Amino acid sequence: MDPVIELIDLKKSYQMGENVVPALQGVQLRLDPGEFVAVMGASGSGKSTLMNIVGCLDRPSSGKYVLEGNDVSRLDRDSRAEIRNDKIGFVFQNFNLLARTSAVENVELPLIYSRKRKLTEAEMRQRAVTTLARVGLKGWENHTPAQLSGGQQQRVAIARSLINEPSILLADEPTGNLDSHTSEQIMAIFQSLNEQGITILLITHESDIASYARRIITLRDGKVISDQRIDQRKIIHADQTL
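When we follow the numbering used here, the leftmost residue of the sequence shown carries the number 166, and every step to the right adds one.
Here are the simulated lysine-lysine pairs, DSBU-like style, with alpha carbons at most 35 Å apart:
| # | residue 1 | residue 2 |
| --- | --- | --- |
| 1 | LYS388 | LYS176 |
| 2 | LYS176 | LYS252 |
| 3 | LYS229 | LYS176 |
| 4 | LYS283 | LYS303 |
| 5 | LYS229 | LYS388 |
| 6 | LYS388 | LYS252 |
| 7 | LYS252 | LYS229 |
| 8 | LYS399 | LYS176 |
| 9 | LYS252 | LYS303 |
| 10 | LYS283 | LYS252 |
| 11 | LYS399 | LYS229 |
| 12 | LYS303 | LYS399 |
| 13 | LYS399 | LYS252 |
| 14 | LYS283 | LYS229 |
| 15 | LYS399 | LYS388 |
Hints are computed from structural coordinates only; laboratory data are not their basis. Please read these numbers as outputs of a predicted model, since none were measured by experiment.
Starting from the given sequences, assemble the full structure and let the hints guide the process.
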């Protein structure tokens with residue numbers, strides 16, 4: 166089986182005044198299709214840098230990043246943007262929803278910017294409505310973020326990340342602004358999506374959240390210090406939480 170993500174001796178450094186600060190130092194990583202991987206580490210360990218490179222938001226200083234068989238390490242900004250929109254879904258801690266825009270309109274946005282999707286307005290709306298129902302928000306389509314709870318806002322963000330049918334979902338501290346019960350609901354959704362075949366890479370500093378994944382990778386000082394498969398992970402069925 167060919168990997169969906171492969172990082173080969175990946176390095177990233179930043180220029181801070183006269184100093185060069187290493188963020189990633191020779192990371193080797195392989196994710197096979199359908200994996201659910203959590204990346205842990207303290208602040209400054211390189212988690213966010215890793216996420217930015219895997220999400221094609223940044224480029225490595227050296228080494229290779231191979232995505233679905235293609236070396237994307239040196240692609241220009243426009244090419245990386247196209248890959249982000251067509252192959253990768255993003256979920257962030259702060260939801261990043263447009264405040265004056267309804268849930269269904271927020272979910273539609275990636276379709277509007279996709280170069281491959283040639284859908285009518287009616288088709289886009291139906292796809293967005295269906296995707297909201299997929300994350301338990303049937304009947305909430307016309308509510309704005311201010312009319313939704315934090316957990317519901319994160320569900321809208323997850324639906325938005327799914328609208329272009331990505332093969333990879335990147336989640337950066339997706340439960341960081343949620344209480345423990347709501348966090349369980351969100352992690353149940355991620356597990357359900359993973360069971361449907363979506364590859365998930367989750368960034369978290371919470372071991373409790375990482376325990377929902379099938380594999381936990383730990384970073385320290387820009388290096389992988391642990392890569393552990395989880396035999397007995399936490400499981401919550403999404404249909405019990407919606």
